[in-house]
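Turn these sequences into a full structure, and let the hints guide you.
Quick mapping for you: the protein sequence lines, in order, are chains D and X.
Counting from 1, one number per residue, gives the positions in the first sequence under this note's numbering.
Counting from 1, one number per residue, gives the positions in the second sequence under this note's numbering.
Derived by calculation from the structure, the hints in this document are not laboratory data.
Be aware that a few hints might be false.
Said to hold, decoys possible - Here are the simulated lysine-lysine pairs, DSSO-like style, with alpha carbons at most 30 Å apart:
1. X:K1018 <-> D:K20
2. X:K135 <-> D:K113
3. D:K14 <-> X:K145
4. D:K76 <-> X:K145
5. D:K20 <-> X:K145
6. X:K1040 <-> X:K948
7. D:K79 <-> X:K135
8. D:K7 <-> X:K159
9. D:K49 <-> X:K135
10. D:K81 <-> X:K135
11. D:K177 <-> D:K153
12. D:K113 <-> X:K1018
13. X:K145 <-> D:K79
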Amino acid sequence: MYGIVNKAIEDLVKANFGEKKWADIRERSGVEEDFFISNEPYDDTITFKLVGAASEELNIPVEIVLQLFGEWWILKTGKEKYGGLMEAGGKNLREFLINLPVFHNRIMLLYPKLTPPEFKVTNAAENSIYVHYFSKRHGLQEFVRGLLSGLGKMYQTDVLVELLESRENGKDHEIFKVSW
Amino acid sequence: MLFQFHKKQFDRLFPFYILMDQQLTIIASGAGLNKMLPQTSGKNFTECFSIPRPIVECISFDILKTLQDQLVVLEYKYLKNASLRGQIEFFEETNQLLFVGSPWFGSIEQVLENNLTVHDFAFHDPMIDLLHVIKTNEIANDDLKQLLLMVNHQKTELKNANKEIQDIALFPTQNPDPLIRIDLEGNLLRRNPAAEALKTFEYQENTFSFEDFFKFIAPQIEIDQERWFFEARSGNHDYSFVCKGLKANGYINIYGRNITQAKKDQNELQRLSLIIQETRNAVIVTDAEGKVEWVNKAFSKVTGYSLNEMLGKKPGSVLQGKDTNPQTVAYIREQLKQSKPFTTEIYNYKKDGKGYWLRINAQPIIGKNGKVTNFFAIEEDITFEKEAQDKLKAAASQMSSLITSMNSGILLENNDRTIALINQRFCDLFDIPVDPSILIGTDCSHSAEQSKNLFKDPAGFVARIEAILKEQKTVLGDVLQLADGRHFERDFVPIFTDNRYEGHLWVYTDITEKISTEKRIRTQREFYEKILDNIPADIAVFDNEQRYLYVNPQGIKDSDLRKKVIGQKEEVFFKLTNKEISLAALRKEHFRKVLESKKLRSWEEHITNADGSEAHVLLNLYPVLNQLNEVELVIGYGVDITEIKNIQKQIQQSEKRYRDVIDNSLAIITTHDMEGKFLTINPMVSATYGYSAEEIVGKSIFDYMPDEDKDLFHDSYMKKIRKDKNYSGLFRIVHKDGHVVHTLFNNFLKEEPGKEPYVIGFAVDISDRVKAEKALEIAKKRTEELAQTKQNFLANMSHEIRTPMNAIIGMSNQLNKTDLNEKQRFFLSTIQSAADNLLVIINDILDLSKIEAGKLSIENIGFEPSLIVERALQVMNHKAEEKGLSLTNSFCDNKLSPVLIGDPFRLNQILLNLLSNAIKFTEKGSVDITCEVIDNQKDMQQVKVCVKDTGIGMDQEFVKTLFQKFAQEDASVTRKFGGTGLGMNITRELIELMHGKIEVDSHKGFGTSVSFTVPFKKGTPDDLPQQEATTIDTNILAGKQILVTDDNEMNRLVAAMILKEYGASVQEAVNGKDAIDKISSHQFDIVLMDVQMPVMDGLEATRHLRGSLNKTMPIIALTAFALKGDAEKFLKAGMNGYLSKPFDEEQLINLIAKYLGKKPANVTKVARLKTTSNNANQLYDLAQLETISHGDKAFIDEVITLFVDQVPETIAEIHAAFDTNDFAKLKMIVHRVKPSIQSMGIVSLNADLLKMESTDWDENTVAELQTLIIQFESTLNEVVEQLKNRK
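Below, the structure written as structure tokens:
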């Protein structure tokens, strides 16, 4: 994972729970890095350790931490760090989601050291769409759920994100149904 | 190779292209460009764009053509930051220029500002990615900045830490105490400047050089111990060294401290401690917080607590207890807090729980820094001292309290005449308005002068005081009178100690009350003595040995003698007065008995006075007992009762006189006790009843009563006289010779205090009167029987007349149907007219007889009053027309309720009577009827109906008798106008039965106005009786078999003739039995049955037919005399309907047709205003059932079968309940069957069911119930029949 991911976790914790809490989480996680450089790749375990420690320290289930992080990624990291890039992805939620695979592919090319997930969309209807999430990583489906609901918030649209299929149920990827 | 694209394809590849013609008109442009710059299409290129790179002089087609090999930047003229970067290509074939490129943005934000999204760019276009990279670089830069900041921050922190370490390192070198580090062998590793100053060490009486000393000491240091220390001397100073071994580091740190002064102090302290330790007083040393650091032996001895037990504790927490004064504790605490010395006394507790007083002297020990380091306290046990003080205080307090609370004013003066003690009472007595405590110590040498004016003799008061003071001798009981009338008593006591005058005590006591009490007692004693002296009775008081203590002047008039006898025994008095000594002995005996019994003793003495007169004296001796119940005194008093004796004698004489009166009275006078036993009787008793006084006295009245009356004696007479104290009534007493004597009595209960109650009776023999009354009663009964006979006669007469009238009218009607000549028709019309008149007369007589027999009752049903008036007018209209009169209803009050509750038939009768009278007695002019509501209440109306005519009128005299029976103004009226003279009488009776009244206003020759007012309850349309739907088909009679049963041949003939006319086949029967015989042998469709018949009447015959013969054909009663209740009787017997004779043809035919109708009856009762079912004759409606079953025919059939089967059972149950008056059960049955009746749609029974179920039936309403049951049964039977025959 690029450093920006860990940085985002750090920002999320600091903004919501304070500097001290972040120090405690870092302490608990056993991660020694003081500073994450956004464009530098770090080992995935660092990210998982931080999320796990945040869950324990804040007494919030890992799933919820991931969801919060997903929303934070869209609403804070995306918007604040990349400015209009996110908004340039589409004029509304539906447009953004339809173009999500292309958008993602484009970005992927800019990060050669990334092990990127892949998105596909099907069943695009007037008020819902299926988002397929293919990833080599495990355990980030709730992060994706948070991303999707964060997008809803970014476009000020009430969304319902349902996990229809999952690798946990023997499928080869996750399918989210996003309804608004 | 030639490429060809569709516009769409080209758009996808180059969404920002621009195609221009030779005039540079933009003829096509990419979708992205159009979105970004929508205004460019169709315009000239130069209008929209400038070219900043490469620099061109002017923009033309040719110049642009030259730019084919260059990177071209276009700038949109009208927007900032709207540049395109690309290249131009010329197409020769079309002579067009094509620009392909992409927007050139500085940031991703500009993409949005230009209304574009990522998807407006071709996928191959890296513009967006470029922007992203720029953004990523920005982020990376930010990261680096942050990192730099962090590094700088850490650098600063590192510098600070370094400095801190240096400071720390400097710290031990600046220490004035020696610090030394040696290795484990004692070789010096490091030392601070203070340590360098130590050259030699004296240790255990040896002197060492620095190096040798530590080599010597190092092996002794117990390196594993936390702290190991030793003391040594160097130069002139003593040092203490603490050794801290750090084995891992291989060295020992030795921290030295100069303890020269401390040593000195310690020695001093040891010496002081020894002193303190051995002192007798307890000594405590605490730290600054008051926690014990040390106590001496004396402390442990006094308190029982050892030093160890006290160490670290606050003395108060150990020693103080429940009686320790909290204020003292607070004081100590405050002093400690403020570090002040203090001395106080406190009550503490020893270890064994005993309390003790101690005096604490405590002071803080101030350290060199000026702060308290310790507290030092010496405690002295002062328990004994305290106890002595307390005793002294208690004594003083008691004394003071005693003096303060004394009722006397106390003033204790010192020998210098200052006040030593004075109490409140003294201040009160002398009006000194200050608190006595203030006066203590003040000079009182002028007090006599100051208070002298309180006394009646001020100068005397002052002089006496001076004299007393001068004499200095005790003075007691001086009485002083005050100006306001009070009295003080004064005592003076001089006080000497060892013959030395110390002062004196004044005691003043207010004795005003005491003086006045003494005076009152004296006055009271004189008062009682005066009474005793003047009581007109001999009164003497003796001691228990009969010696005189007191005797009043009445007892002994001679005052000398009176004085003389006091203290003497009574015998002495007898001797002195020369009285008969035997009397004295008698009195002595009485006295003895009084002493013995301790009770009052009275007796009479008969005395002959010296002048020969006699006197009777009642003597009494009354013992007065002391607390030990012993006789202390005996009071003797004698009353002269001579006068009373004389009165008694007179009473005896008077009583004899009364006795004589009673004995000679003609009244029976008796007394009897509360069991009825005679106590006394006068001679009249024997004279009246034949028994002697001996035979009666002691026996009860009861014994002389006839057996049948005996119960009355206790049940009625004795109870009543006990309760009411007097009773008047009649007794029948059996004379000695056996005949009964009727006795009217008036008896009184006498109750006198102390006596048994008894009854005085006064009675007279009224046998003759009773005999006369009986005769009168028989005569009255006979008269009543006679009247009844008359009524019966009238009733029977009317019946007897109505029967032939039936024939006359019936036959006349039949005759009228035949061909008659003019003369015959005239005769016949006369006969009919006469018969009609006769019928009216008969009806009048019948009504009258009913009224007199009290058998006429008024209906209470709903009716429409306007309809009644209208019908009456209709009926009478032709008569008025015949006479050329106008018959009008000029006023009908619109307040009149549409429905009233009352008897519409009788109201109709009244109206017809009044109208026919008016028409009858009016020759010309008009008859008018008005109807007015004169009182309109919520539930009722008072209606006034007035019939006014312009007829002959009546004399005022006749009007008065108008309502008498058979009243007609004169014989000529009867002749001229006919009538019985009963009409108005009946009218008035009917109106009065309706609780109304009638009034007549008539003037001879001008006309008559008859008005009546009747109160009616208001009703609603629901109260109107159900009407029968009369859809009668009279053709139904054709071919029907009808049996006419009547003992009157003519009646049979009339009926038969009529029926035959309608095609019926008629048979006749002469009585009930005959009818039964005929019905047994022949099938009839209907039977007409007279009620009153010889051999067997109609009711019995019907019961027979319905009962044992089980005949079901309709039976119609024919009756000439139908009273209210008869209908029920007929229906109950099993008849289906009835008809009054004489009946008219139409009535008869309709009734028969109704019952023959469609088999067996085609009459359906329907509620007014309600719709009938589809078939007017069908009593049931299966619509509900069909709805419920959704038309399931099998189900409907099943339900119907069940219903049909249930009906007879239900009817039998209802009859059984009715016969046993079990109305509750009846209602229950009705309630049970109601749902099935409703589901069968038998709406005609709804109202009846409701009524049967909701009414509280009793014997007064049973007839109505019976009618309902009959209707219920009849309807149900019809329904069953209809159901059985339904298609």
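Tested hints:
1. Simply put, K1018 (chain X) and K20 (chain D) have alpha-carbon atoms about 94 Å apart, too far for the 30 Å limit, and the pair is violated.
2. Of the supplied pair hints, the one linking K135 (chain X) and K113 (chain D) holds, its CA atoms being roughly 18 Å apart against a limit of 30 Å.
3. At roughly 19 Å between alpha-carbon atoms, K14 (chain D) and K145 (chain X) fall within 30 Å of each other, so this suggested pair holds.
4. Restraint check: the Cα-Cα separation between K76 (chain D) and K145 (chain X) comes to about 20 Å, which is no more than 30 Å; the hinted pair holds.
5. A C-alpha spacing of about 23 Å is found between K20 (chain D) and K145 (chain X), which places the hinted pair at or below 30 Å, so the restraint holds.
6. Using a Cα cut-off of 30 Å, the hinted pair K1040 (chain X) and K948 (chain X) is violated, with the two alpha carbons roughly 51 Å apart.
7. At most 30 Å may separate the alpha-carbon atoms for a hinted pair to count; K79 (chain D) and K135 (chain X) meet this at roughly 12 Å.
8. With a C-alpha separation of about 28 Å, the suggested pair K7 (chain D) and K159 (chain X) falls inside the 30 Å cut-off, and the hint holds.
9. The hinted pair formed by K49 (chain D) and K135 (chain X) meets the criterion: a straight-line CA distance of about 28 Å does not exceed 30 Å.
10. Distance check on the hinted pair: K81 (chain D) and K135 (chain X) sit about 8 Å apart at the alpha-carbon level, within 30 Å; holds.
11. With a C-alpha separation of about 16 Å, the suggested pair K177 (chain D) and K153 (chain D) falls inside the 30 Å cut-off, and the hint holds.
12. For the suggested pair K113 (chain D) and K1018 (chain X), the alpha carbons sit about 106 Å apart, so the restraint of at most 30 Å is broken.
13. Taken as a hint, the K145 (chain X) and K79 (chain D) pair is honoured in the structure, with Cα atoms around 20 Å apart against an allowance of 30 Å.
Hints 1, 6 and 12 from the earlier list are contradicted by this structure; the remaining hints agree with it.
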